[in-house]
Amino acid sequence: GESVGLHLPTLSVQEGDNSIINCAYSNSASDYFIWYKQESGKGPQFIIDIRSNMDKRQGQRVTVLLNKTVKHLSLQIAATQPGDSAVYFCAEGGNQFYFGTGTSLTVIP
Amino acid sequence: DVKVTQSSRYLVKRTGEKVFLECVQDMDHENMFWYRQDPGLGLRLIYFSYDVKMKEKGDIPEGYSVSREKKERFSLILESASTNQTSMYLCASSDPAGAGHNEQFFGPGTRLTVL
Chain A
2 GESVGLHLPT
12 LSVQEGDNSI
22 INCAYSNSAS
32 DYFIWYKQES
42 GKGPQFIIDI
52 RSNMDKRQGQ
62 RVTVLLNKTV
72 KHLSLQIAAT
82 QPGDSAVYFC
92 AEGGNQFYFG
102 TGTSLTVIP
Chain B
425 DVKVTQSSRY
435 LVKRTGEKVF
445 LECVQDMDHE
455 NMFWYRQDPG
465 LGLRLIYFSY
475 DVKMKEKGDI
485 PEGYSVSREK
495 KERFSLILES
505 ASTNQTSMYL
515 CASSDPAGAG
525 HNEQFFGPGT
535 RLTVL
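Protein chains in written order, with this note's numbering: chain A, 2 to 110; chain B, 425 to 539.
If you are wondering where the hints come from, they were derived from the structure by calculation, not from laboratory data.
Being a predicted model, the structure only gives us computed values, none of them experimental.
Heads up, a few of these hints could be off.
[As the list claims (entries may be wrong)] Computed cross-link-like contacts, DSBU-like style, restricted to lysine-lysine with a CA-CA straight-line distance of at most 30 Å:
id: 1; chain 1: B; residue 1: Lys477; chain 2: B; residue 2: Lys495
id: 2; chain 1: B; residue 1: Lys437; chain 2: B; residue 2: Lys477
id: 3; chain 1: B; residue 1: Lys477; chain 2: B; residue 2: Lys427
id: 4; chain 1: A; residue 1: Lys43; chain 2: A; residue 2: Lys57
id: 5; chain 1: B; residue 1: Lys479; chain 2: B; residue 2: Lys442
id: 6; chain 1: A; residue 1: Lys43; chain 2: B; residue 2: Lys495
id: 7; chain 1: B; residue 1: Lys495; chain 2: B; residue 2: Lys427
id: 8; chain 1: B; residue 1: Lys479; chain 2: B; residue 2: Lys494
id: 9; chain 1: A; residue 1: Lys57; chain 2: A; residue 2: Lys72
id: 10; chain 1: B; residue 1: Lys479; chain 2: B; residue 2: Lys437
id: 11; chain 1: B; residue 1: Lys427; chain 2: B; residue 2: Lys442
id: 12; chain 1: A; residue 1: Lys43; chain 2: B; residue 2: Lys494
id: 13; chain 1: B; residue 1: Lys477; chain 2: B; residue 2: Lys494
id: 14; chain 1: A; residue 1: Lys43; chain 2: B; residue 2: Lys427
id: 15; chain 1: B; residue 1: Lys427; chain 2: B; residue 2: Lys479
id: 16; chain 1: A; residue 1: Lys69; chain 2: B; residue 2: Lys427
id: 17; chain 1: B; residue 1: Lys437; chain 2: A; residue 2: Lys69
id: 18; chain 1: B; residue 1: Lys494; chain 2: B; residue 2: Lys481
id: 19; chain 1: A; residue 1: Lys43; chain 2: B; residue 2: Lys479
id: 20; chain 1: B; residue 1: Lys494; chain 2: B; residue 2: Lys442
id: 21; chain 1: B; residue 1: Lys437; chain 2: A; residue 2: Lys72
id: 22; chain 1: B; residue 1: Lys481; chain 2: B; residue 2: Lys442
id: 23; chain 1: A; residue 1: Lys69; chain 2: A; residue 2: Lys57
id: 24; chain 1: B; residue 1: Lys494; chain 2: B; residue 2: Lys437
id: 25; chain 1: B; residue 1: Lys495; chain 2: B; residue 2: Lys442
id: 26; chain 1: A; residue 1: Lys72; chain 2: B; residue 2: Lys477
id: 27; chain 1: B; residue 1: Lys437; chain 2: A; residue 2: Lys57
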């Protein structure tokens with residue numbers, strides 16, 4: 002299987018600050034990359050995705066950056082809120098996806 | 425509003441029992457997936473299906489089987505449950521022809537404990 006990893010297993014940020022969650026992937030042929038958010042007791046929820054032919058994509062308060070040269074993906078959350086506390090996964094692939102182990106984000110009020 | 429439901433949130437079974445985990449989606453999606461989620465290992469794909477009556481092995485199919493008799497329903501079967509199958513099981517579906525065709529919609533998960 003593919004190897005998808007996250008640099009840090011936990012991240013704590015102050016409410017209102019920006020958060021950056023990083024992810025390294027191994028398959029340079031992957032077409033799509035997706036970020037998921039998983040709150041306690043719930044299934045993963047889609048946040049944002051990016052195609053391999055893009056290097057940046059923005060959503061509401063979130064931005065995903067893709068650096069294919071170093072096979073690195075990041076999720077930036079602007080003005081982090083308590084409701085953003087969750088585990089965040091990156092996933093790479095095409096028809097089939099491979100998921101990272103997740104980064105646990107804690108927002109300190 | 426899209427919805428993937430799983431038959432149980434929590435399940436406790438004994439070693440050797442046959443276990444059925446049911447998943448239903450109401451989005452008319454072609455693709456359905458079963459994952460297990462374990463601490464430090466992330467989500468690992470057990471089986472997936474691209475169509476009714478069709479199934480493909482994922483990365484860790486051993487000890488599991490699946491059934492897709494209807495488009496909306498994808499069942500995961502543990503023929504003889506073992507303690508190492510204690511895990512969180514997540515079902516997902518996706519529409520390969522949709523605008524967000526790579527997005528997988530997940531159910532809430534079933535936490536299975538095998539004693």
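Quick rundown of the hints versus the structure:
no.: 1; hint: B/Lys477 - B/Lys495; verdict: holds, 9 Å
no.: 2; hint: B/Lys437 - B/Lys477; verdict: holds, 27 Å
no.: 3; hint: B/Lys477 - B/Lys427; verdict: holds, 22 Å
no.: 4; hint: A/Lys43 - A/Lys57; verdict: holds, 28 Å
no.: 5; hint: B/Lys479 - B/Lys442; verdict: holds, 20 Å
no.: 6; hint: A/Lys43 - B/Lys495; verdict: holds, 24 Å
no.: 7; hint: B/Lys495 - B/Lys427; verdict: holds, 14 Å
no.: 8; hint: B/Lys479 - B/Lys494; verdict: holds, 12 Å
no.: 9; hint: A/Lys57 - A/Lys72; verdict: holds, 14 Å
no.: 10; hint: B/Lys479 - B/Lys437; verdict: holds, 25 Å
no.: 11; hint: B/Lys427 - B/Lys442; verdict: holds, 27 Å
no.: 12; hint: A/Lys43 - B/Lys494; verdict: holds, 25 Å
no.: 13; hint: B/Lys477 - B/Lys494; verdict: holds, 8 Å
no.: 14; hint: A/Lys43 - B/Lys427; verdict: holds, 13 Å
no.: 15; hint: B/Lys427 - B/Lys479; verdict: holds, 22 Å
no.: 16; hint: A/Lys69 - B/Lys427; verdict: violated, 34 Å
no.: 17; hint: B/Lys437 - A/Lys69; verdict: violated, 45 Å
no.: 18; hint: B/Lys494 - B/Lys481; verdict: holds, 19 Å
no.: 19; hint: A/Lys43 - B/Lys479; verdict: holds, 26 Å
no.: 20; hint: B/Lys494 - B/Lys442; verdict: holds, 21 Å
no.: 21; hint: B/Lys437 - A/Lys72; verdict: violated, 42 Å
no.: 22; hint: B/Lys481 - B/Lys442; verdict: holds, 20 Å
no.: 23; hint: A/Lys69 - A/Lys57; verdict: holds, 11 Å
no.: 24; hint: B/Lys494 - B/Lys437; verdict: holds, 26 Å
no.: 25; hint: B/Lys495 - B/Lys442; verdict: holds, 23 Å
no.: 26; hint: A/Lys72 - B/Lys477; verdict: violated, 37 Å
no.: 27; hint: B/Lys437 - A/Lys57; verdict: violated, 46 Å
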